[in-house]
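Engineer: Sequence:
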Amino acid sequence: MTEEDFKIIGNLLLEDKLEEAYNKLLSLFNDKNLETRVAAVWIVNFSAEKFPKLAEKTLPHILMLALTDNSTYVRANATEVLGLLSLTVPEYFQILTSKILESLKKSDIDHVWNTILVLGFIGGTNPEIIKNFIPHIMKNLNSENEMIKGTSVIATGWIGGSNPDLVKDYVPNIVKLAKDDELIYVRSNAVEALVSIAYKKPEIIENHVSDITIIAVKDSDSLVRGSAEEALIFLTKEKVELMQEIINSIFRVVENEDELISWNAVLALGWLGSNNPKIINVTITNLINFLKSENDNTRGTASLAIGWIAGNNPKEAQPFLDRITQVLMEILEDENATVRKKGVESLGWIVGNSPQIATKIMPKVKALANEDKDENVREKAESTIKFISDSLNYHTTG
Numbered sequence: 000m001t002e003e004d005f006k007i008i009g010n011l012l013l014e015d016k017l018e019e020a021y022n023k024l025l026s027l028f029n030d031k032n033l034e035t036r037v038a039a040v041w042i043v044n045f046s047a048e049k050f051p052k053l054a055e056k057t058l059p060h061i062l063m064l065a066l067t068d069n070s071t072y073v074r075a076n077a078t079e080v081l082g083l084l085s086l087t088v089p090e091y092f093q094i095l096t097s098k099i100l101e102s103l104k105k106s107d108i109d110h111v112w113n114t115i116l117v118l119g120f121i122g123g124t125n126p127e128i129i130k131n132f133i134p135h136i137m138k139n140l141n142s143e144n145e146m147i148k149g150t151s152v153i154a155t156g157w158i159g160g161s162n163p164d165l166v167k168d169y170v171p172n173i174v175k176l177a178k179d180d181e182l183i184y185v186r187s188n189a190v191e192a193l194v195s196i197a198y199k200k201p202e203i204i205e206n207h208v209s210d211i212t213i214i215a216v217k218d219s220d221s222l223v224r225g226s227a228e229e230a231l232i233f234l235t236k237e238k239v240e241l242m243q244e245i246i247n248s249i250f251r252v253v254e255n256e257d258e259l260i261s262w263n264a265v266l267a268l269g270w271l272g273s274n275n276p277k278i279i280n281v282t283i284t285n286l287i288n289f290l291k292s293e294n295d296n297t298r299g300t301a302s303l304a305i306g307w308i309a310g311n312n313p314k315e316a317q318p319f320l321d322r323i324t325q326v327l328m329e330i331l332e333d334e335n336a337t338v339r340k341k342g343v344e345s346l347g348w349i350v351g352n353s354p355q356i357a358t359k360i361m362p363k364v365k366a367l368a369n370e371d372k373d374e375n376v377r378e379k380a381e382s383t384i385k386f387i388s389d390s391l392n393y394h395t396t397g
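For the sequence shown, numbering that gives the first Met the number 0 gives the first residue as 0, with consecutive numbering after it.
Calculated directly from the structure, the hints in this document are not laboratory data.
What you are looking at is a predicted structure, and each value in this text was computed from that prediction instead of being measured.
Yeah, the Cβ is synthetic: ideal placement off N, Cα and C, and Gly gets one too.
Please note: incorrect hints may appear among the correct ones.
Here are the simulated SDA-like cross-link-like pairs (lysine to any residue), alpha carbons at most 25 Å apart as the crow flies [claimed, not checked]:
#: 1; residue 1: Lys178; residue 2: Ile203
#: 2; residue 1: Lys105; residue 2: Thr87
#: 3; residue 1: Lys104; residue 2: Thr87
#: 4; residue 1: Lys31; residue 2: Val88
#: 5; residue 1: Lys23; residue 2: Lys49
#: 6; residue 1: Lys314; residue 2: Ala366
Derived CB-CB ranges, DEER-like [unchecked claim]:
#: 7; residue 1: Gln243; residue 2: Asp164; range: 53 to 63 Å
#: 8; residue 1: Glu244; residue 2: Met63; range: 42 to 52 Å
#: 9; residue 1: Asp164; residue 2: Asp321; range: 41 to 51 Å
#: 10; residue 1: Lys199; residue 2: Gln355; range: 34 to 44 Å
#: 11; residue 1: Lys175; residue 2: Glu370; range: 53 to 63 Å
#: 12; residue 1: Asp107; residue 2: Asn288; range: 12 to 22 Å
#: 13; residue 1: Pro313; residue 2: Asp373; range: 23 to 33 Å
#: 14; residue 1: Lys385; residue 2: Lys199; range: 37 to 47 Å
#: 15; residue 1: Asp373; residue 2: Leu320; range: 24 to 34 Å
#: 16; residue 1: Asp107; residue 2: Glu48; range: 15 to 25 Å
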């Protein structure tokens with residue numbers, strides 16, 4: 000779009016020549032240059048508040064750009080403008096209903112996929128406008144087409160993050176996809192949808208806390224597990240009592256002492272405890288149980304997780320500090336060098352905000368720095384001694 004085109008449209012609007020401005024925009028919507036098409040839809044957005052009738056007339060054309068343009072860039076910008084216009088001129092969106100329904104019934108996969116994305120994006124901005132389309136989106140959660148199913152899940156998350164009540168009836172389906180679908184793309188989007196709902200209205204998914212815990216511990220993809228942990232954090236911040244069900248679910252899963260699953264469980268407990276001071280006691284108590292694991296990686300990561308929790312929440316950790324210090328001191332005697340190293344690191348994190356334990360742990364850390372048979376342990380002990388000294392000086396002078 001040239002500067003002259005912009006001036007022409009602006010002058011036509013100022014002269015109240017709406018039809019001429021509309022026709023000019025139509026020509027720009029059909030321009031071969033994708034930057035021109037994008038600029039044209041943004042002109043509608045910027046002028047909508049002052050010239051709402053122009054927005055009303057151009058809405059169907061912007062929708063078609065969002066659904067059918069051969070450029071992803073144009074489709075994305077047209078979709079974004081539709082979302083913004085849903086707030087500026089919501090009263091005109093009913094004119095799009097028939098076109099959207101027609102698009103959802105098409106056999107062309109790309110057409111349906113784009114339509115669901117558009118509905119999801121608008122629903123994330125102004126969900127009331129698309130609430131009548133919710134059943135049409137949700138039926139595609141069971142689509143045999145991977146992209147359609149995954150996109151429907153994305154749309155559910157956007158809408159649920161704005162108005163969870165609109166999608167609450169479909170939460171069991173989303174949980175099932177998050178837990179069981181073979182595709183990481185689908186599972187990942189499903190868990191992200193649960194995170195959006197949990198952030199906005201956690202009580203809607205609290206009955207699924209056990210399934211979400213299983214995802215956090217057992218899923219093969221670290222991003223999926225991380226998103227499940229995030230959902231659990233939101234849930235336990237609202238309802239601490241859910242933590243017991245989480246713990247029960249974790250120990251049911253790790254009963255056979257699978258190395259990877261035990262490690263995942265430890266990570267989940269560490270993140271939960273670090274992000275919610277109210278559950279420090281229960282997370283640390285159960286992490287201490289993992290210090291008895293026969294698996295070196297599990298023991299080492301459990302000691303680190305205890306350090307994360309106590310180091311990030313020094314005030315809340317005070318009642319348990321003696322016990323924490325004692326078990327970590329015992330970890331420094333572990334037969335595995337990596338576990339000892341992680342135990343030293345964990346104590347270093349804790350002493351940074353709890354300097355009163357320095358006197359108790361310093362002799363042992365110094366002994367490791369001087370005498371441990373493993374070079375990595377000695378190096379970690381030496382750097383921890385320096386960190387402890389710096390922390391003590393900070394607390395003394397501060």
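Engineer: Check the structure against each numbered hint from earlier and tell me which ones fail, lowest number first.
Structural biologist: Hints 2, 3, 4, 6, 7, 12, 16 are the ones this structure does not satisfy, whereas the remaining hints hold.
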